[in-house]
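Go ahead and model the full structure; you've got the sequences and the hints to work with.
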Amino acid sequence: VAFSEDGPRHVGDVAKRQAVQNPENTLFATKRLIGRRFDDQVTQKDLKHLPYKVVKANNGDAWVEARGNTYSPSQVGAFVLTKMKETAEAYLGSTCKEAVVTVPAYFNDSQRQATKDAGKIANLEVKRIINEPTAAALAFGMDKNDGKVIAVYDLGGGTFDISILEISGGVFEVKATNGDTALGGEDIDLKLQDFLTREFKNSSGIDIMSDKGALQ
74 VAFSEDGPRH VGDVAKRQAV QNPENTLFAT KRLIGRRFDD QVTQKDLKHL
124 PYKVVKANNG DAWVEARGNT YSPSQVGAFV LTKMKETAEA YLGSTCKEAV
174 VTVPAYFNDS QRQATKDAGK IANLEVKRII NEPTAAALAF GMDKNDGKVI
224 AVYDLGGGTF DISILEISGG VFEVKATNGD TALGGEDIDL KLQDFLTREF
274 KNSSGIDIMS DKGALQ
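With the first letter of the sequence shown counted as 1, position 11 gets the number 84 in my numbering; the numbers rise by one all the way through.
Any given hint could be a false lead.
To be verified - Straight-line C-alpha distance at most 25 Å; calculated SDA-like pairs for lysine to any residue: (1) 221 with 240; (2) 285 with 265; (3) 221 with 265.
By construction, these hints were calculated from the structure, which means they are not laboratory data.
This is the structure:
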């Protein structure tokens, strides 16, 4: 989600394309902040690598700032959901009022509620919040494997989790789950970024870590 100087809000590929020129006002990976406190250890660790500003809200939650305005991670999520809603409505030719939203399996109650809030802000009735491994199993037709116990792992953009599911009568029961909030595509990118910037500094003597545009 990006906020341009002349006012319009951009979502998706359009926002991504202008990130190099507008890094401080282009928001990404806010899912890692949703339902988290500003003083949380995970939040503080992420702050070091984000080009945009993360601020402490009045209630102590981690919010983000762009163009002088502050937004909760739920609001940023709502901007994405609104865009998805508009895209779906254009394709289907009808109004979308309800949605099922997926979250990492280890999301706590606060994070799940914040995700529901994002749907509400986007004028969607969130019928249910389901775990991402369960959604993946459904997408691959695993509900037809009655009586089986399966393992589903999800290596996503910001997280990694694994769930053990038991299938009975088309119903998925989560038997166990675990995950890592700091092991995903974003973290792999950061490791590569650290390596490349270090190599560049060694060869040229120039440290580009403070250049937010270059890091994009």
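A quick look at each hint next to the structure:
no.	hint	in the structure
1	221 with 240	holds (6 Å)
2	285 with 265	holds (16 Å)
3	221 with 265	violated (39 Å)
Checked against the numbered hints given earlier, this structure breaks only hint 3.
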